[in-house]
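J.: So the chains spell out like this:
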Amino acid sequence: MMAMDIFRRIFFGHKEEYWWMKILVPITSIFVALIVGAIFIWSTGRSPVLAYKYLFGASGLVPGPYFKQHFAEMLLSSSMFIATGLAFAIAAKGGLFSIGAEGQFLVGAITAAYFGYAKPFASMPTVLHLTVIFVMVMIAGGIWGAIAGWLKAKMGIHEVITTIMLNWIALYLIEDWLVTGPMKANVETGVSGTPYVSETAKLPIILKGTRLNISILIIIVVAYLTWFLLYRTTFGFEIRAMGYTLIYNMDAPRAAGVSVDARITQTMFVSGAVAALGGAFIILGVLFQFPPVFEGGYGFDGIAVSLIGQNEPLGVFLAGILIGGLRTGATAVQLAHIPKTFPSIIEGLIVAFIALQELIRYLLMKLFVRKRNNTVSGGSDEKAVSGGVAK
Amino acid sequence: MKALELKGITKQFPRVLANDHINLSIEKGEIFSIVGENGAGKSTLMKIVYGLYTPTSGEIYVFGKKVNMKSPHDAIKLKIGMVHQEFMLIPRFTVTENIVLGDEPRKGIVFDFKRAVKEIREISEKFGLKVDPLEKVANLPVGIQQRVEILKILRRGAEILIFDEPTAVLTPEETEDLFKTLRALKKDGKTILFISHKLKEVMEISDRIAVLRRGKLQGVVKKEETNERELARMMVGREVVLEIPRVKVERGPVVLSVRDLAAKDHRGILKLKGVSFDVHAGEIVAIAGVEGNGQMELVNSLIGFTRPVKGKIILNGEEMKLVTPYNVRRKGMAYIPEDRKRRGLVLPFKIRENIIMGQHTLYPFSKGGILNDKVINQFATKQVEEFDIRPRDIYISAGNLSGGNQQKVILAREMAMKHNFLLASQPTRGLDIGAMEFVYKHLIEEKKKGIAILLISLELSEVLGLADRILVMYEGEIVGETVPEKTNEEELGMMMLGIKRNERLVQ
Ligand SMILES: Nc1ncnc2c1ncn2[C@@H]1O[C@H](COP(=O)(O)OP(=O)(O)OP(=O)(O)O)[C@@H](O)[C@H]1O
Ligand SMILES: [Mg+2]
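Line by line, the protein sequences give chains D and P. Just so you know, the first sequence maps onto residues 1 to 391 in the working numbering. Just so you know, the second sequence maps onto residues 1 to 507 in the working numbering.
Be a bit skeptical, because a hint or two may be false.
Said to hold, decoys possible - Pairwise CB distance ranges, derived in the manner of DEER restraints:
hint: 1; chain 1: D; residue 1: 154; chain 2: P; residue 2: 311; range: 21 to 27 Å
hint: 2; chain 1: P; residue 1: 92; chain 2: D; residue 2: 161; range: 20 to 26 Å
hint: 3; chain 1: P; residue 1: 8; chain 2: D; residue 2: 161; range: 35 to 41 Å
hint: 4; chain 1: D; residue 1: 156; chain 2: P; residue 2: 112; range: 34 to 40 Å
hint: 5; chain 1: D; residue 1: 262; chain 2: P; residue 2: 386; range: 44 to 50 Å
hint: 6; chain 1: D; residue 1: 262; chain 2: P; residue 2: 230; range: 50 to 56 Å
Claimed, not checked - Restricting the straight-line Cα-Cα distance to at most 30 Å, the calculated cross-link-like pairs of lysine-lysine (DSSO-like) are:
hint: 7; chain 1: P; residue 1: 449; chain 2: P; residue 2: 486
hint: 8; chain 1: P; residue 1: 310; chain 2: D; residue 2: 154
hint: 9; chain 1: P; residue 1: 180; chain 2: D; residue 2: 22
hint: 10; chain 1: P; residue 1: 77; chain 2: P; residue 2: 200
hint: 11; chain 1: D; residue 1: 22; chain 2: P; residue 2: 341
hint: 12; chain 1: D; residue 1: 22; chain 2: P; residue 2: 350
hint: 13; chain 1: P; residue 1: 77; chain 2: P; residue 2: 114
These aren't lab readings, by the way, just hints derived from the structure by calculation. Using N, Cα and C, we set each Cβ at its ideal position, and we do this for glycine too.
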């Protein structure tokens, strides 16, 4: 019980009714998704056991052959999913449905590439150079997010619309203009895309013989800071107050003197800055330049990661590790004659079950609460009180 | 014949025993009232009857048959209907659409609007519930919206109708109309369950009255055999006299000055048409008036929710150029909002969080932007004790508190805030007499401390009892100014309806 209490404290930092639901719902969803995935495979005449053996064997989540390599790759991609996941979670806690992480990720990536190769910076020592890059990346991504926030606060334009538009603007601006124009590498070198970043801009490796770099350490710190921001600061207090009221047009925080308009913009700034970190990770740790064709999608995966992680920083971290692992194991499932998109299907299924969480919550309540304690009755009550304010 | 029988109904919430072995039997065709303090368990009991909650134990019989309801759907099938305090209507839809929603008459597969309108005309005729079936709900006053709710449940054949504090949002005239309807329903053989904190109303409309206290049934009395005083005593467990003591306080300097203030409502209609007044330190100025005569726009302008079209607001000698809630609160304004659920509280927040909202950025609750949980908890625990918030648990969500206790949380917060002007907008709406007494006590305490208070109230007894000066608002203007010693309910009533005006007092 003691351990549980500590775990709960880490997770939420405060007493929460039925807090364990937040853990049980995603875990249940993951298991059900894996079972449904197995049935899919089985129904096409292939072996689910084999598929999962290959998938998890190469995921870096469980020990096996070449574990070190897989583990490193898993953490490498996880750190990007966690960045975009946290970005979504921060906005979601404030009642903002931001799907702008994709664009902010790109903005972060191009900013990292530029400050990585641009002349006056490229001769700085590593620590200083990386600091400059990360500060610029977060400012650029933050501004990209804040634009959507500002448009909502001042003009009342819904953030879903503006963030989608900003995603497209970022994509075209970067791929059709910057990368092929002002930021194009010297043609004689035969490089397409932007120039490569200098050695001092490459993230230091922390596991010899792998590509694993400090991005995972950075994101652990950022995840902690996100939790701290949300639960320990006055700003986080206001974000959460907003999150419970904004979508229902309730005014309590505003009436109490919270400058809601400013907070919307600021929250979107923080969200954008964190998403942009992911973009820096991929440039400074994996690609080392902005390529002519960028395979994105991290921003959208971040939504899934955040949902699975129940918008809680620690949850997002764990969900990011899971998704990173599934992606890392993706190529290996082909050995079981299953397309490598299979892990994405699993991811989709998990999200679908999370989306049904009201239902799952209800069933779990019925199962556990009734049994454990006869005097407390089932899900319908909680629905009646908290149904309207689910998140 | 018994319409409804409850046997040993118990409801245990995680931290609260809301209903404790309640036995009731209600005859067909009677108007049965339930009274009790805030948090006594009235709403919980009604929600059980309507299938919103499942009782922890106990049995329910409807027209002699044992039932086991799992949702309101089952209740509707058993001919039980409920008029909620917050209406569940869709503003953009017409009255007709709202009423038939979910059970539309059809011609083939298409919605038969004409027949729907005809049906509604028939029921509204039958029960004397006049509505225009083609009007949009958004354009209707609250009283009529409530009628639409009633029509909706009648159309579904309800025989047992539950009204949870239906009069809390109504003007006295609208209440009279509602009572006419209730009597007509009774005559038609419908059974009515009625909840109100206004004992006068309860005495007027009920056949029998059940009193709940802290989840337990104290007794059921016939209307003829009781009186308001006895009911109040049964509810609270002690003698309550809702007499407001007259306290004279030396009037201090002007704290708030309003000059020629005009403002529009959210639809852009000019509702406040140039009002001017002052509020002095140690003085309670009451604004009396029928709801919808500009009070809301006045409140919104003062707190910074709407930008006035003209006029000045001078708080503590300083003209407020940009009125925002943040600015006015920093300048010393505290605010008890009229709508505690939407404006007062963040419902999923715990008591401890709600009770510091607005002060959370100040020392000692936070330092350098970082919250100090220990101080917050100590403060919350102290306030919960001092303001008698039940249950005494700072970790309970505000949404799980009864209405009265929600109001106490707001009071506990606002009183603790540094202020010398208090804007109290309908501070006793939906409160039981015990809690009302409590609010009055605190308002008078504030006045003694030399705080300037602007009280906006629809209750004349409250206005007459508390105010040092009364301003009457009618159609966005101040049509009269008086002092309680020189006036009475009749005169105020006439002014509120625009029939009589009087001169402003010379300050
Ligand atoms: N969903 C819930 N979860 C936990 N506690 C609850 C819940 N609903 C109500 N309570 C508690 O049950 C008690 C009874 O509440 P209820 O709303 O029935 O009171 P009430 O008599 O209607 O009060 P009021 O006159 O203020 O509306 C209160 O102490 C309240 O805090
Ligand atoms: Mg109630």
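J.: Could you run down the list of hints and mark each one as holding or not?
T.: Hint-by-hint comparison with the structure:
1. D/154 / P/311: 21 to 27 Å: Once the Cβ atoms are compared, 25 Å apart, the range 21 to 27 Å for residue 311 of chain P and residue 154 of chain D holds.
2. P/92 / D/161: 20 to 26 Å: 21 Å, holds
3. P/8 / D/161: 35 to 41 Å: The hinted range 35 to 41 Å is violated for residue 8 of chain P and residue 161 of chain D, with Cβ atoms some 55 Å apart.
4. D/156 / P/112: 34 to 40 Å: 38 Å, holds
5. D/262 / P/386: 44 to 50 Å: 33 Å, violated
6. D/262 / P/230: 50 to 56 Å: 55 Å, holds
7. P/449 / P/486: 26 Å, holds
8. P/310 / D/154: Between residue 310 of chain P and residue 154 of chain D the Cα gap is close to 22 Å, so the pair holds against 30 Å.
9. P/180 / D/22: Violated, at roughly 50 Å.
10. P/77 / P/200: Violated, because 34 Å separates the two Cα atoms, which is more than 30 Å.
11. D/22 / P/341: Cα-Cα ~26 Å, so holds.
12. D/22 / P/350: Since the Cα atoms of residue 22 of chain D and residue 350 of chain P sit roughly 18 Å apart, the hinted pair holds (cutoff 30 Å).
13. P/77 / P/114: Judged against 30 Å, a Cα distance of about 26 Å means the pair holds.
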